[in-house]
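Could you use the hints to bring the two separately framed chains together as a complex?
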Amino acid sequence: MPDLLIELFSEEIPARMQGKAASDLQKLVTDGLVEAGLTYKSAAAFSTPRRLTLSVEDLLAESKPVREERKGPKVGAPDQAIDGFLRGAGVTRDDLEIRDDKKGQVYFAVIKKPGRMAADIIAEILEKSIRNFPWPKSMRWGTGTLKWVRPLHSVLCILTGEAGAEVVPLDIDGITSGNTTRGHRFLSPDVFSVTSFEDYEAKLKRAHVMLRADERADMIWNDATNQAFALGLEVVEDRGLLTEVAGLVEWPVVLLGQIDPSFYELPDEVLQTSMKEHQKFFSVRNAKTGQIERFVTVANTVTADNGATILKGNQKVLFARLSDAQFFWENDLRIANAGMQPWLDSLSNVTFHNKLGTQKDRIDRIVALASEIAPLVGADVAEAAEAARVAKADLSSEMVYEFPELQGLMGRKYASKAGLSDAIAAAAQEHYSPLGPSDDVPTAPVSVAVSLADKLDTLTGFWTIDEKPTGSKDPFALRRAALGVIRLILENDIKTELKAELRQAIKENAGAAYFQEALKEDLAFAATQGLEFYRQEAFKTYNNDLAVSEDLLSFFHDRLKVYLKDQGIRHDIIDACIAMEGSDDLTLLVKRAKALAATLATDDGENLIQGFKRANNILTKEEAKDGVEYSYGADPKHAQHDSERALFVALDEADKVIAPAMAAQDFGTAMTAMAALRGPIDAFFTDVQVNADQQVVRRNRLNLLSRIRKTCLGVADLTRIDG
Amino acid sequence: MADKPRSFQEIILRLQNYWAANGCAILQPYDMEVGAGTFHPATTLRALGNKPWAAAYVQPSRRPTDGRYGENPNRLQHYYQYQVIIKPSPTDLQALYLGSLEAIGIDASMHDLRFVEDDWESPTLGAWGLGWEVWCDGMEVSQFTYFQQVGGHDCKPVSGELTYGLERLAMYVLECDHVMDMPFNDPDAVTAMTYGDVFLQTEQEYARWNFDVADTDTLLQHFKDAEAECGRILAMPADDPKTGRRIIMAHPAYDQCIKASHVFNLLDARGVISVTERQAYIGRVRTLAKACADAFVQTTAGGFSA
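Just so you know, the protein sequences line up as chains A and B, in that order.
Numbering-wise (this note's numbering), the first sequence opens with residue 1 and increments by one.
Numbering-wise (this note's numbering), the second sequence opens with residue 1 and increments by one.
Pulled out of the complex, with its shape left as it was, chain B reads as follows (with noise of 0.2 Å):
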């Protein structure tokens, strides 16, 4: 039987090596507020076009309507996702997979183990594939899924991608039950903490600044102005005059996109879009990222030869 982490970050760690062992690049978290780590462009990008991929990541993620002051034992605005693409997928992912949670502590002769239909959609990046939430014992503890489009693109050879829900996953595995008593280091270490004493004071001002604060004119600016710099990124002509060389600017453009989607979600959780005008937003994200997929297809880490 596997032994039992016994911090959140040995989790993290454990995953790490575990992937690491697997063949993944361990990347880092991508440099900008994103809503989940399928937006990092290792993920959303690199699923596209030809070659070969193979990535494992943390990824700091924020949904700002999901801010309860540090109060409530399992919903947070910020929170980690460990995502894992690999692309093709291979044909043993399931049971890579199944390592992972043996290597995390989750042995599975104690419990069940359970691949429960869920197709993923993401409106905002127009993208879907097919697979399950997968359950331990009743919870939700990974999303599993076949890339089939991203940005409006099919995706050829399809990528697998793993997403784990750090929290939720190490909570159960180290048996907590309010997300703040969580041990984040090492209990016995000499400064020993908790999630709380890392978050807590976190969750509590960007609650306040998210709900009650965020000055939404700028906001909107912001994601007028992000829409904006996207088009104008990829309008520009593939052939650099200063270098002589192609070079489109398929990542700074996503850049763009990232930050519109995050301006969107702020001002989601301002209460200042109503229902709907939430769909004409989520159509301008959806557009940008199509945008930004038909650039990437024209790189060479696109699958674009000359």
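Extracted from the complex, chain A is given alone in its bound form (with noise of 0.2 Å):
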């Protein structure tokens, strides 16, 4: 069987997408070979910085023919009905059979269609696939009309059976497909022939391109790590940034530089992210001291000086680019000596949303916040309060405006320059955290008082002035931060009324001079024209904090939802537990729901599921018939079977067990006892039949039932239990 071989060759394209490229394209030629009935062995997808490349061995040398059968309309049918249904078969009436059917004789279309050979196919699914190929953007150029990452120039494309290869014939807006590729473009111009895959991939080698990512990637990273432990140096790892290099050369030329010592004392993280950013070059530590004193760099040719000219190149611009770095270090140091004053002052020049003012006016926000949260979390309230104070400092500072990854790191780097303690140092590093699901949560106390008071700010804020997400806009991250307060509160085992902090953080957020003036506008307005429900919206408007808390509470419960279900923790039983009194405890939200989760997953709570929505059921439509609500007053003495008065006794049982339980927050106690009546619920309905004859024991049992229902609902909202 032919294997199949597929090379798109064009100008460069950007590392970042390579990878994703290469699998599209297998992706979208291997579907389309098997949805038109071509199956294959295997498939392979490669990038470079110039072409993709798919290999798929062992394909059908052509597709199956197909017969296909389709009942059509009786005989004697309207010829309306028969051309209609010649249409829809795509045949003529000539090609219909009449068979007997149960109703008399009917037509049958037998549709056939014949195989076709595999250069057809491949053709026509391989320009469909670059015409509609998924790049996250794409260009025209020259007269054309096709669109592409960069300029596409050629497309090999062959199929090498046993007699040999041949080209499959493809023409994409001029662009004619052919056996040919080329090589390296410094280093091996001219154009060549290949005739199958093992042959591309050799040639290409001898052309001094290394098609594969990974050969590339591991061989630039044993070379870096070979030439700096010659020296007693090694390579700081950086999976990402080895990646992208791989997808910046075609032929890796590994080639290790000095980094003057005159920025050696620049922090390792400026210099890394410095040579990273704007150079992409490894950074290289000296093993004993963890200095930084070299760097890596990865050029795409070899040159007859071995590179010394491209390395002398390379160290004259990260010369440039440090002494801009050390520049910017001195600067701030000066600032950051004296205690950080000139930037706490330049923050309120800065906006951080014109309706939610200053980054000044939100650090006095979040300050207040975490003055009210520290003694929830265990931190010291002054500590915590200058902790807030200067956590943005970082923010005003030379280094941070240039490279704005390192805000933080280099917050707490000053703020120990400042003479500030270690806890306030380490919290305005940490109060950013946690970033994303997978991101370590801070432990420190004031880091959670601060980063609690952060993300709390942000997020009320949001809601006052009514910018929330809303399906897959989320500008202001406002997910991740309601994600990261659950984090930190679960974490770290908090216990707080989420919904009384919410109130003071949107109370600090209304204080704010814009909703101040805001309402006095629209007070002055309600005035001059005598408009008392204007005034009455403008107060709801503005001081809207219980209904912007109670909003804001459902947001975290939906995220809860989506971060407990990550957990394995049903939707449903959450729903359970947030109808609840406390459900703002999200703690104890948490520690009820995985009670619930446990006990459901037992037979007994499985089955008392069930009994509780019947006797609820039951219930529900004869107080709706009766027009009365029974909840009150079931009787033993009524009683007219054992299994009616085990229940009596079951019920007492559980509920002398499960009241004290509940109020000492021991959940795993009062649900294994709600569960225990399963039993005696399961008995009675299998004996007793509630709508008696006799009205005052079919009253009794239904307010029986209503003892059920109060005793379960107690424990957790069972009717929003799916199933």
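Mixed in with the good hints there might be a few duds.
Pair ranges (Cβ atoms, derived) [claimed, not checked]:
(1) A:Gly-19 to B:Lys-4: 35 to 43 Å
(2) A:Arg-212 to B:Lys-4: 32 to 40 Å
(3) B:Lys-4 to A:Gly-471: 19 to 27 Å
(4) A:Val-350 to B:Arg-68: 21 to 29 Å
(5) B:Thr-191 to A:Tyr-401: 39 to 47 Å
(6) B:Glu-71 to A:Gly-419: 32 to 40 Å
(7) A:Thr-145 to B:Glu-71: 20 to 28 Å
(8) A:Gly-471 to B:Ala-21: 50 to 58 Å
(9) B:Glu-71 to A:Pro-261: 22 to 30 Å
(10) A:Glu-234 to B:Thr-191: 16 to 24 Å
Residues of chain A clear of chain B, computed beta-carbon distances all greater than 12 Å [stated by the list, open to error]:
(11) Met-1
(12) Glu-12
(13) Pro-14
(14) Val-298
(15) Ala-299
(16) Gly-419
(17) His-557
Taking beta-carbon pairs under 10 Å as the criterion, some of the chain A residues facing chain B (in silico) [stated by the list, open to error]:
(18) Thr-143
(19) Val-149
(20) Asp-305
(21) Leu-318
(22) Ala-320
(23) Asn-337
(24) Gln-341
(25) Pro-342
Simulated from the structure, these hints should not be mistaken for lab results.
Nothing here was measured: the structure is a model prediction, and the numbers come from that model.
No residue lacks a Cβ here, since even glycine has one placed at the ideal position from N, Cα and C.
Structure representation (structure tokens):
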């Protein structure tokens, strides 16, 4: 069976897009092949800066013929009906067969699709794949209309069978397929032809192109670490950078360069960030001292002087970059050593959001909130307030202006230089965390207090001005902030009533100048117009802490559902617990949900739900019919059956356990007691008919069902459980 | 191996000769203050419409905020860009570009030349394109862009645009560490001059004026005047009552757009534009650029045919 080789050769593809592009090419083409009936044994895709390559092994040489039958109208049906059928089936009247059916004679269309040669199918699929390729950004060039990531120059497409290789003919906007490609842009620019994937890969290597990205990455990493090791140095690992650099070269040549020792005083992170972001250099560390002393750059070519000129140029560029960084660092240190006040002052000139005031306004709110939260998380109030005050100071520093990704980290260094405590310095860095679902959650009390205050201020602020996330749009990363709050609370086991904290934060926000101004304007307008309703609306709009906190709390509950779902807890279980009192204490809420999940996982628990639902359904229906609520007065003296009497006893027993357990927040005990009702409830429904003829008996039984409902709902809102 | 140029002007002359030999019309700089070579109507306007175009030119460019009184080794408020624009972009544009580096003494067999992703966008011109910054041994030496849109119009056909930062490129080729030390003319000439001999004093004068002296009220008025004049020009009917010809004044209108853009840059350097206002000013210039583009495509040079 033949093998297929495709190469799409273009001008330089951005490194960050190459990996996905290779797998997209594989998926588009192989899905198309399979859909067209061409199965294959294996496929693999590759990328370099100038090419996407797909190799498919052992492909069917042609697709199998397909025969399909379709039942049509009855013989003698109106012509319109028959014509419609012919059109739908794509056949002519001559192709119809008449067969006997239960109801008489019926037309059958027999549709035969002959098998197609692989080359025809491939040409069609490849053209479609190229035209519909999912590049994140694509462009036109010259006079053409075709879009590709950068100008596409050639398409290699061959089928290699026993008889040799054949070009799959194809023409896309004037680009004709062939069996040729070219090597490295500078080292081996000549065109050459290939006969198979093995031939292609081997010839590319001779033409200074390493086809496989992982091979290039391995080569870079091994060569870099070997060269460093020989000098007693180690390369700082960076997988992301390695992948990117492997996507910038076809023929990697590792060069080890020097950092001028005058830059050693710069923090490691600054050296690393500057070299990585601007120059794509790896940092190389002295294994003994930890000092970053050298760098690795990866060239895309070999030269007669073994890269000496290239290295000299790169060192010169680095020198200029690091001179800038040093200039920033020295300027920053002067301000940090003197206590950072100019930075704090300048934050009042930086707008955070035009409706939420300046960074300074925001910091004042975070200070107030962090002071409120401090006692709840075991932090010193004054220390938390001070930490909040300086947490954003580094945003005004020159270094963070130049390298925004160093925010927090520089804050920590500068806070230490300013003579502040370790806890305060740590908070300057850690209060941004957690940034994502896998990021570490801070545990130091001062950091936790500032982090919570920061996130709660962001959330309540944007909620107050009605800038909530919608659908896929979340420009202020509010979902991430809410998840951060949830993880901070749960992972630090903090007991807090979120509602109170939210209202406090909203109050801080509503005290912001913008709101006061807006309220004042609206009130003035209402006064001049004598509009009482407008005055009330204004108060509602700018003093709506209750409505906002309720809405925001339900947002937290939604995020919590997502978070717990990832931990295997069903959304209906969480709903059943959210409906209970005190669900703004997230730690408590999660304990309750976990206990309920554990209970429902048992046989008793699962069946209890059925019993509860049955009781609740009957009761709801009868209450609706009778127009009364059967909520009181079940009396064992009207019980007529042993199972009925047993249920009374069981409910008494359960209530005795559940009430104190719930009061002690011992959900496990309460739920076990509730689940133990399963047997008596099942027996009751088996042996007793609720709607007895005798009204006294019927009412007593309905009141008994009501006791089941009351007992169970005291534990969790089981009506919300699915199934 | 290519022989090395010896002065700043020799690099410019070699580029001029190279692109002339490769079919470009060598134009002269535009006679107005602009922030970059792209602003020259030979690029901005000629990238529009369906008529072929090939031009190369030096463009003096001004970025008032980058002034450092001539002290910074590579920052200047006035500098030169070399600009090449070819429509439609030829298939071998990358090779042509590499040939131009060879012409100024950058030997591809000794250096590491790389095309690194860099998408270009000009919010003031309502323009964007895809391409690269070109690295030579880790240093950015040019910007290489395939224009996709200008003034809100799709570029059909697509123009290829090359921009060389001449001082930086020359400092690299001539191995100078400070721009002011770079030989401007032949170092063996009777009157050998450095870049500093030509521009150090002007850098100081302009830095002082840009940062501290330029009258902001006057500038604000200039901005408004240019904006108004641009609108007035474009509001004129296409048919000229005097000559009886159809004359749409796209270029005079675009001059006002250029003027507004430069005045905005000056105001920015004077520090009188806040972060929020910035966006609004950029938006106002873009509105002018779009209106000029709309007008240009109604002209003969812009591909209009009655």
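Against the structure, the hints come out as follows:
1. A:Gly-19 to B:Lys-4: 35 to 43 Å: holds, 40 Å
2. A:Arg-212 to B:Lys-4: 32 to 40 Å: The hint (32 to 40 Å, Cβ to Cβ) holds, given that A:Arg-212 and B:Lys-4 are roughly 39 Å apart.
3. B:Lys-4 to A:Gly-471: 19 to 27 Å: violated, 59 Å
4. A:Val-350 to B:Arg-68: 21 to 29 Å: holds, 25 Å
5. B:Thr-191 to A:Tyr-401: 39 to 47 Å: holds, 43 Å
6. B:Glu-71 to A:Gly-419: 32 to 40 Å: Distance hint for B:Glu-71, A:Gly-419 holds at roughly 34 Å.
7. A:Thr-145 to B:Glu-71: 20 to 28 Å: violated, 51 Å
8. A:Gly-471 to B:Ala-21: 50 to 58 Å: holds, 56 Å
9. B:Glu-71 to A:Pro-261: 22 to 30 Å: holds, 25 Å
10. A:Glu-234 to B:Thr-191: 16 to 24 Å: At 55 Å between Cβs, range violated.
11. Met-1: holds, 37 Å
12. Glu-12: violated, 4 Å
13. Pro-14: A:Pro-14 not clear of chain B: closest Cβ-Cβ about 4 Å, inside 12 Å.
14. Val-298: violated, 9 Å
15. Ala-299: violated, 4 Å
16. Gly-419: Fine: 32 Å to the nearest Cβ keeps A:Gly-419 off the interface.
17. His-557: holds, 36 Å
18. Thr-143: holds, 4 Å
19. Val-149: holds, 8 Å
20. Asp-305: Holds, because the Cβ-Cβ distance from A:Asp-305 to chain B comes to roughly 7 Å (cut-off 10 Å).
21. Leu-318: holds, 7 Å
22. Ala-320: Cβ of A:Ala-320 sits 7 Å from chain B, so the hint holds.
23. Asn-337: This interface hint is violated because 26 Å lies over the 10 Å limit.
24. Gln-341: Since the shortest Cβ distance to chain B is 22 Å, the answer is violated.
25. Pro-342: violated, 17 Å
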